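Starting from the given sequences, assemble the full structure and let the hints guide the process.
Number of protein chains: 2
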Amino acid sequence: MKRKVTLKQIAKELDVSISTVSKALKDSAEISLDTRQKVKAFAKLYNYKPNNIALSLKNRKTKTIGVIIPEIVHHFFTTVIGGVEKVANEKGYNVIICSSNNSFDKEVINLEMLASGSADGFILSVAKETQLKKDYHHIEETMSQGMPVVLFDRIIDEVVCDKVIIDDAKGAQTATNHLLSIGCKKIAILTTVDYISVGKLRTNGYLRALRAYDIPEKEELILKIEDIDNCEAEISDFLLDKDIDAVFAVNELFAVTAAKVLDRQGKKIPDDISIIGFTDGILSKHFIPSLTTISQHGEDMGIRAAKLLIDKLEGDDAVTEEYRTVIIDTSLIERKSTKK
Amino acid sequence: MKRKVTLKQIAKELDVSISTVSKALKDSAEISLDTRQKVKAFAKLYNYKPNNIALSLKNRKTKTIGVIIPEIVHHFFTTVIGGVEKVANEKGYNVIICSSNNSFDKEVINLEMLASGSADGFILSVAKETQLKKDYHHIEETMSQGMPVVLFDRIIDEVVCDKVIIDDAKGAQTATNHLLSIGCKKIAILTTVDYISVGKLRTNGYLRALRAYDIPEKEELILKIEDIDNCEAEISDFLLDKDIDAVFAVNELFAVTAAKVLDRQGKKIPDDISIIGFTDGILSKHFIPSLTTISQHGEDMGIRAAKLLIDKLEGDDAVTEEYRTVIIDTSLIERKSTKK
DNA sequence: GAACCTTACGCAAACGTTTGCGTGTGGAAA
DNA sequence: TTTCCACACGCAAACGTTTGCGTAAGGTTC
Numbered sequence: 001m002k003r004k005v006t007l008k009q010i011a012k013e014l015d016v017s018i019s020t021v022s023k024a025l026k027d028s029a030e031i032s033l034d035t036r037q038k039v040k041a042f043a044k045l046y047n048y049k050p051n052n053i054a055l056s057l058k059n060r061k062t063k064t065i066g067v068i069i070p071e072i073v074h075h076f077f078t079t080v081i082g083g084v085e086k087v088a089n090e091k092g093y094n095v096i097i098c099s100s101n102n103s104f105d106k107e108v109i110n111l112e113m114l115a116s117g118s119a120d121g122f123i124l125s126v127a128k129e130t131q132l133k134k135d136y137h138h139i140e141e142t143m144s145q146g147m148p149v150v151l152f153d154r155i156i157d158e159v160v161c162d163k164v165i166i167d168d169a170k171g172a173q174t175a176t177n178h179l180l181s182i183g184c185k186k187i188a189i190l191t192t193v194d195y196i197s198v199g200k201l202r203t204n205g206y207l208r209a210l211r212a213y214d215i216p217e218k219e220e221l222i223l224k225i226e227d228i229d230n231c232e233a234e235i236s237d238f239l240l241d242k243d244i245d246a247v248f249a250v251n252e253l254f255a256v257t258a259a260k261v262l263d264r265q266g267k268k269i270p271d272d273i274s275i276i277g278f279t280d281g282i283l284s285k286h287f288i289p290s291l292t293t294i295s296q297h298g299e300d301m302g303i304r305a306a307k308l309l310i311d312k313l314e315g316d317d318a319v320t321e322e323y324r325t326v327i328i329d330t331s332l333i334e335r336k337s338t339k340k
Numbered sequence: 001m002k003r004k005v006t007l008k009q010i011a012k013e014l015d016v017s018i019s020t021v022s023k024a025l026k027d028s029a030e031i032s033l034d035t036r037q038k039v040k041a042f043a044k045l046y047n048y049k050p051n052n053i054a055l056s057l058k059n060r061k062t063k064t065i066g067v068i069i070p071e072i073v074h075h076f077f078t079t080v081i082g083g084v085e086k087v088a089n090e091k092g093y094n095v096i097i098c099s100s101n102n103s104f105d106k107e108v109i110n111l112e113m114l115a116s117g118s119a120d121g122f123i124l125s126v127a128k129e130t131q132l133k134k135d136y137h138h139i140e141e142t143m144s145q146g147m148p149v150v151l152f153d154r155i156i157d158e159v160v161c162d163k164v165i166i167d168d169a170k171g172a173q174t175a176t177n178h179l180l181s182i183g184c185k186k187i188a189i190l191t192t193v194d195y196i197s198v199g200k201l202r203t204n205g206y207l208r209a210l211r212a213y214d215i216p217e218k219e220e221l222i223l224k225i226e227d228i229d230n231c232e233a234e235i236s237d238f239l240l241d242k243d244i245d246a247v248f249a250v251n252e253l254f255a256v257t258a259a260k261v262l263d264r265q266g267k268k269i270p271d272d273i274s275i276i277g278f279t280d281g282i283l284s285k286h287f288i289p290s291l292t293t294i295s296q297h298g299e300d301m302g303i304r305a306a307k308l309l310i311d312k313l314e315g316d317d318a319v320t321e322e323y324r325t326v327i328i329d330t331s332l333i334e335r336k337s338t339k340k
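Line order of the protein sequences matches chains A and B.
Okay, so the first sequence: first residue is 1 according to UniProt numbering, each after it adds one.
Okay, so the second sequence: first residue is 1 according to UniProt numbering, each after it adds one.
No lab work stands behind these hints, which were simulated from the structure alone.
The model shown is predicted, which means the values in this text are computed figures rather than measured ones.
Heads up, a few of these hints could be off.
Since the list gives no way to pick out one identical chain from another, each pair is judged satisfied if it fits inside one copy or across any two copies.
Claimed, not checked - Below are the EDC-like pairs computed for lysine to aspartate or glutamate, each with C-alpha atoms no more than 20 Å apart in a straight line:
{"hint": "1", "residue 1": "336", "residue 2": "263"}
{"hint": "2", "residue 1": "106", "residue 2": "90"}
{"hint": "3", "residue 1": "285", "residue 2": "227"}
{"hint": "4", "residue 1": "4", "residue 2": "112"}
{"hint": "5", "residue 1": "44", "residue 2": "140"}
{"hint": "6", "residue 1": "285", "residue 2": "263"}
{"hint": "7", "residue 1": "4", "residue 2": "140"}
{"hint": "8", "residue 1": "63", "residue 2": "112"}
{"hint": "9", "residue 1": "185", "residue 2": "243"}
{"hint": "10", "residue 1": "260", "residue 2": "334"}
{"hint": "11", "residue 1": "339", "residue 2": "105"}
{"hint": "12", "residue 1": "106", "residue 2": "129"}
Okay, structure coming up:
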């Protein structure tokens, strides 16, 4: 089995020094035209490619961005990655993706692994466990070693760094407002437990919208779900015979599940009950009825996050010292799960 | 801004040599207990982590697996990645993911980039364009440089390497058989154009099943779709007033779209028409009615692919010389889009 | 006191690059 | 013939590790 050809091998073959080969390939004027051509022909013949590892070591940078997300099998996160890749590739960066699987430990391991030489900086959405545990030492350690971090979506207020988020509360408020504006008055919310930052913020937005309409908040219209993967029974019980005319779900799965159980309970959507979800994923789009939802513009988030990071990586110290929080606009996508 | 601490810095600080530090951290008996403890304490204090890049260079391996897939925002591929990650992490490998976006050029670029030092081996599902173009030089070049490649799902028969696939034809046959066994006789198929290997194989399986039941193949029951992203109108036209009692769709989107347009055309599913899809994704599961489908067991594919690759990477030359093709079983998941 | 053995450490090479600077060769100018 | 200058190339260091081997210092044995 052949191995990759190196400068050294070319040098030996052509009976010149390594540096001559290196310079020739870079078209240095120091090297005679003749030698340059010979070297280049040889290099092409043997398909020479500089060894990135050696370059990384020498340049003390890898030209690689590390992305760590809580789940890889998740439409929203993959769209964000898509955005990151777009910018990164444009600017000559490689993207390396790890999933923490929502585990704090795995997040730490992944971050440390990538931080010890594999990536120059990070784009990160923290694991549930991390939010619960409130242990951010790994992130702060990474930054203190000179590697910039951009947090997105599931961020941490206490950590000072660049951030890309949507205004979750505002998005939720928009959704709730829309329901109110089409005449709904009894709006239930399907949300997550409070330690999930985005869930809590969306709940707040919902409450704010109600207050603005002078509608009292009712405990019995709020369901905080812990186990996302087994939410159907819980949602079904919650919704059964409840006197409501709308449901706001803080994510796609809750919205679809609500639609399903309501259908089973004999309710018509949107005639009896309107539904709005959050996250414009594949489910919302293809479900029957298609779901009105709040789009988070995942790709945009990825694009902005990547830009922030690359600015930090390539910027001078002035840029390096200031931290920015970019808020991506959400938008309401009206489909068929809400009345006109 | 601090930089990462190196052996050299520790050595200088403690006034010993670099090799002493290195050996001390490895608990070498060559170094006195006293020094060892001192070094270790210091290393912990300054949070020393060996530089992976330097190690990669020295060891001539990166302990990283490169995964290149056609689309990142795709449920099936992400489940495969999940499987790869599982095995890789267990065995101390890092996973780096790139998407080719179904572009031949981007596939080549990604592969070359990763091949020049970032990964030891590859798990790869080729881009549509590559299948169409039949240009595999980049893959063969990579292998000829000593880096093993495992192809999965969208593979290339002409390239000799390890492969992980499902028996697409058999899966399609199972699906069609199921439709036949519940009494359907006029089964339409929604498939892709022939150059997509998996589409063609699934079509073949469909035809095989029909033949086994002595049902003549009818041209007008076969729709080959080129533009997956805008298939709705095409499918709608195709299905309108067609005399059929079942639809077999070679992917999830076709199945859901068929369900949607049939619903719109006033057909009841599964009473008037049964539908079976391919790929057990999030859509099939949550759609109403939930879709009967052929599961590809993406995670298993990822697991097997990763195992094959790591075997090659760590195996002696005996293992290295033989190539295996693993066929993952598909299974029929019966849901509500087919009659009992 | 000489010969020898441990102990505890340092040296240097290697992985594959890049690059500033030193140097030998040749030709041209004086 | 001598002096000088381009030209074309090689040397060596550096990036951060690991590791076989060399070697001082100190102790033991006769």
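Do the hints match the structure? See the list:
1. 336 x 263: Both, since 14 Å and 15 Å are each at most 20 Å.
2. 106 x 90: Intra 30 Å, inter 12 Å, cutoff 20 Å: inter-copy only.
3. 285 x 227: between (24 Å within a copy, 18 Å between copies)
4. 4 x 112: between (29 Å within a copy, 12 Å between copies)
5. 44 x 140: Intra 45 Å, inter 16 Å, cutoff 20 Å: inter-copy only.
6. 285 x 263: both (18 Å within a copy, 16 Å between copies)
7. 4 x 140: between (38 Å within a copy, 13 Å between copies)
8. 63 x 112: both (17 Å within a copy, 15 Å between copies)
9. 185 x 243: For residue 185 and residue 243, the Cα distance is within 20 Å only inside one copy (10 Å; across copies 46 Å).
10. 260 x 334: both (19 Å within a copy, 18 Å between copies)
11. 339 x 105: Neither. Shortest intra-copy (45 Å) and inter-copy (46 Å) distances fail the 20 Å Cα cut-off.
12. 106 x 129: within (10 Å within a copy, 36 Å between copies)
Hint compliance for this structure: hint 11 alone is broken.
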